[in-house]
Amino acid sequence: MSKLVIKNVYQSYGDHAVLEDVSFVVNQGEFVSLLGPSGSGKSTLFRLIGGLSEPNDGAIYLNGEKINGTRGLISYMPQSPSLFPWRTILKNVLLNQELTGVTNVEKAHQMIERAGLKGYEHAYPHELSGGMKQRVSFIRSLLSPQSFICLDEPFSALDEFTRVEMQKWLLSIWAEYQKSILFVTHNIEEAMFLSDRIIVLSSRPATVKKEFIVPFQRPRTEDLLLMEPFLRLKKDIYYTLTKDE
Amino acid sequence: MKRMMQKGWRPLLVLILLIMAWEFSYHFFNIPDWLLPAPSSIVQEALIGWNEYAHHLLSTVQLTLIGFLIGSSVGIIVAIGLHLIPLLREAFYPLLIVSQNIPIIVSAPLLVIWFGFGMLPKVIVITLVCFFPITIATLDGFQQTSRELKHYMLMVGATKQQIFWKLEWPHALPSLFSGIKISATYSVMAAVISEWLGANEGIGVYMTLASSSFRTDRVFVSILLVVVLSLLFFTCIVYIEKRVIRWKQVEEGRVDE
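Chains U and B, in that order, are what the protein sequence lines are.
Under this note's numbering, think of the first position of the first sequence as 1, with each following residue one higher.
Under this note's numbering, think of the first position of the second sequence as 1, with each following residue one higher.
Note that these hints are calculated values from the structure, not bench results.
The model shown is predicted, which means the values in this text are computed figures rather than measured ones.
Just to be clear, a hint being listed does not mean it is correct.
[What the hints assert, rightly or not] Pairs of lysine to aspartate or glutamate residues, derived as DMTMM-like cross-links and limited to a Cα-Cα distance of at most 25 Å, are as follows:
#: 1; chain 1: B; residue 1: Lys166; chain 2: U; residue 2: Asp159
#: 2; chain 1: B; residue 1: Lys166; chain 2: U; residue 2: Glu160
#: 3; chain 1: B; residue 1: Lys150; chain 2: U; residue 2: Glu228
#: 4; chain 1: B; residue 1: Lys150; chain 2: U; residue 2: Asp21
#: 5; chain 1: B; residue 1: Lys242; chain 2: U; residue 2: Glu153
#: 6; chain 1: B; residue 1: Lys242; chain 2: B; residue 2: Glu90
#: 7; chain 1: B; residue 1: Lys242; chain 2: U; residue 2: Glu54
#: 8; chain 1: B; residue 1: Lys248; chain 2: U; residue 2: Glu98
#: 9; chain 1: B; residue 1: Lys166; chain 2: U; residue 2: Glu127
#: 10; chain 1: B; residue 1: Lys150; chain 2: U; residue 2: Glu113
#: 11; chain 1: B; residue 1: Lys248; chain 2: U; residue 2: Glu127
#: 12; chain 1: U; residue 1: Lys91; chain 2: B; residue 2: Glu23
#: 13; chain 1: B; residue 1: Lys248; chain 2: U; residue 2: Glu153
#: 14; chain 1: B; residue 1: Lys150; chain 2: U; residue 2: Glu54
#: 15; chain 1: B; residue 1: Lys160; chain 2: U; residue 2: Glu98
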């Protein structure tokens, strides 16, 4: 069970309002994307959910419990892979389990194999390509004991081809684990291809502009990217994003 | 290794030429032995005199090892303390630097006045010389911890202790080793200086005796011993470093390609 509720969150630095009355919900097992222009306060929102700072006003609930300023309740995958250069892939993947106590080496081996990285268990991160590193980073967050995962533009540094491959891979893995995911991106297509719902944020101060339900059936394939309803929804979202009130 | 062999011949050649020039001018200008002995007679003295200086050498090696171990432990502990307690760092960092501005040659006699002629003042001298490069380098390593990785550790809820042992400590290890390498070379010199203060045996004693009796060849032998010891010590540290920090070594190897 893992349900995240953001309720009327305000945050500002000095006179500069960053988040203004942000509210949304991520249900158990749901894949929700936050879509917004760069600098729309997405990373601030992540800091709040991660408990690194407390909101000026409003509340964040995880499974009905208020978690303002509490760290360690979510699992996280940052924009850069953030792998530890002195740890082998296996040790990197096990990091979050080490932090909380119990390590499951067998499962880690399974996941590494599932990610197509068999044989790299004892390699160091610098020996891997960008896409491989991101896969390791994602496995690490999946193996974390927490059942709520925040992904912060994880594929933005990858080239187009690798990115689509990674998205498909992410979906296939996620389908097995059914963890709740909050995915931050500024790529409309990516958000549509991956999520159940898309929350569009306005730029500073960020507030929820509109919510879209993505109706396409899972499992999704690449063909979807060029279909009529997909393009129509994309147009819709695009206009919402660019339109100023 | 192969590349080192390929490049190593240049300094080696210069060295050989220098020694040959030395040997030549010794004979050509008829320099007296007490002023500057020929390299050949220094080598000869080094070979026959082994029995005379073996126990001095052993004593210096022992002193160096003890002093170095204590000095580097102090260095590491001070670095960790100053890093974990910012208040201490602000208070003591400037004092640390001042401590290095006092010449050992001045502080050493003071130590003898306070602690006598035993092992203790000598170990303190070596410690004073050794801890500083290690503390400074390690502190730097801690400070330069990747912000990105630290942010990650905070996001996933790592405690302060976990952040230290799993992130900051391994991150500072390469810096720690560069500090240790500097200290290792200094420690032999510091041991010899501390022996000048008053000791029964040691290369420092051997050197003092030799120079006061105008056995200049023996002075050069002791210089040779100090150099060889320092190099040996340095090589040992480099070897340990390579065993401990494997990931870095591979990384650098790749950059080279």
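Here's how the hints hold up against the structure:
At roughly 31 Å between alpha-carbon atoms, Lys166 of chain B and Asp159 of chain U are farther apart than 25 Å, so this suggested pair is violated. Restraint check: the Cα-Cα separation between Lys166 of chain B and Glu160 of chain U comes to about 34 Å, which exceeds 25 Å; the hinted pair is violated. For the proposed pair Lys150 of chain B and Glu228 of chain U, the alpha carbon gap of about 44 Å is over 25 Å, so the pair is violated. Restraint check for Lys150 of chain B and Asp21 of chain U: not satisfied, since their Cα atoms lie roughly 29 Å apart, outside the 25 Å limit.
Under the criterion of a C-alpha separation no larger than 25 Å, the hint pairing Lys242 of chain B with Glu153 of chain U is inconsistent with the structure, at around 37 Å. Restraint check: the Cα-Cα separation between Lys242 of chain B and Glu90 of chain B comes to about 34 Å, which exceeds 25 Å; the hinted pair is violated. Our distance criterion of 25 Å between C-alpha atoms is broken by Lys242 of chain B and Glu54 of chain U, whose separation comes to about 44 Å. A distance of roughly 23 Å separates the Cα atoms of Lys248 of chain B and Glu98 of chain U; the hinted pair therefore holds under the 25 Å criterion.
Between Lys166 of chain B and Glu127 of chain U the CA atoms are separated by roughly 21 Å; this keeps the pair inside 25 Å, and the hint holds. Taken as a hint, the Lys150 of chain B and Glu113 of chain U pair is broken in the structure, with Cα atoms around 28 Å apart against an allowance of 25 Å. A threshold of 25 Å between alpha carbons decides the hint, and for Lys248 of chain B with Glu127 of chain U the separation of about 12 Å falls inside it, so the pair holds. A C-alpha spacing of about 59 Å is found between Lys91 of chain U and Glu23 of chain B, which places the hinted pair above 25 Å, so the restraint is violated.
Note on Lys248 of chain B and Glu153 of chain U: the hinted pairing is violated, with a Cα-Cα distance of about 28 Å set against a maximum of 25 Å. Distance hint between Lys150 of chain B and Glu54 of chain U is fulfilled; the C-alpha atoms sit about 19 Å from each other, no more than 25 Å. At roughly 14 Å between alpha-carbon atoms, Lys160 of chain B and Glu98 of chain U fall within 25 Å of each other, so this suggested pair holds.
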